[in-house]
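Asker: Sequence:
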Amino acid sequence: MEFGLFFFANDTSEAGQSGKYDLIFDAARWADANGMARLWIPERHFHSFGGLSPNPSVLAAALAGVTRRIQICAGSVVLPLHDPIRVAEEWSIVDNVSGGRVGLGIASGWVPNDFVISGHQEDFGNRKQVFRDKTEILRRLWRGEPHKVRNPLGEEVDLRIMPRPVQPDLPIWITAAANPETFREAGTIGAHVLTHLLGQTVEDLAAKIVQYREAWDAAGHEGRGTVTLMLHTLVGDDDDEVHDLARAPMMTYLGASFDLASRHLASVPFLRDPGRIEVSQLTPELAEAALEASFEKYFYMGSLLGSYDKCLATVDKLAQLDVDEVACLVDFGLAPQIVLKGLENLNVLRKLANPEPLRAA
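Position 197 (the sequence shown) corresponds to 640 in the numbering used here; numbering is contiguous.
Be careful, since some hints might not be right.
Simulated pairs of lysine-lysine, DSS-like, Cα-Cα distance not exceeding 27 Å [said to hold, decoys possible]:
no., residue 1, residue 2
1, Lys753, Lys740
2, Lys784, Lys753
3, Lys740, Lys784
These aren't lab readings, by the way, just hints derived from the structure by calculation.
All chains, please: the whole structure from these sequences, using the hints.
Answerer: And the structure:
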């Protein structure tokens, strides 16, 4: 089992405040020095939830300068918002700065306001097809193949990006969760999968991974692909201690997204038809109950929150389900010193989950 770090902070900082990115950089340096596989940084617009990263390529380039080994990945670029030429150019720079350590999670998007960036309002309704088309263009550009466009003079020209990336092929993860077809499409085109447990159970995910592997094999790709699962993470000595440390920050963190989407309500076990709930109409009491239930579900059923024994059992179960990497979301509102101490505990868990074979005398 590989382990990475996933960053998706709720940005509550004020204008003029410095040090907003200190935790990300401190954690990135630590991860690079301690055998973690990847760093994951999001794309998020016009909202505090994930708001430190409106352009992951900029943050990725900065992280490339302070690390030497770890893979640096977007989780995820919302491809329909952008010209694939610019995406390929920006991430090719990061690939060069990092010495070939780029990976790109890509997604079709779901927040209507984000699509003002694309300049084409119709892209929101057509985003699935736009996503497929731009994914293919992005991959061709990365490989150095020409992309035919018409310039303002009406001339058809073949464009190739500069600088040329270090990696001959771009490692791509497709963000997927509720829709099994997305897993199958990822397998068919030979892309990895980045997923989470928002709106799906571990059992749901297991069935989708099987479909992903089958589609990958049926398409004749080499290897087997990578399934990366994002989980909220804080590892400690005692379940109750970690529960108490994580409860209030994570409830606040989940609450920050309530006006962005009602999907968190889908994780509340006792609510029926969560999609029909209008978040703006929630009473404070019901919102508190929903957040409490969401946290408890995450803690006991869908996270790396808790003791070594509890978290190791979770990792073992995920390995049996054919998950390849746990992307550990660590910046969900905890104090930086707690996060950094938790990283040391996470490294112990990583070693417990991946014991080195005994060497012969």
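Asker: For every hint, state whether the structure bears it out.
Answerer: Verification of the supplied hints:
Annotation: proposed proximity of Lys753 to Lys740 holds, straight-line Cα distance about 14 Å (limit 27 Å). Our distance criterion of 27 Å between C-alpha atoms is met by Lys784 and Lys753, whose separation comes to about 18 Å. A hinted pair counts as satisfied when its Cα atoms are at most 27 Å apart, and Lys740 with Lys784 qualifies at roughly 24 Å.
This entry satisfies every hint, going by the numbered hints stated previously.
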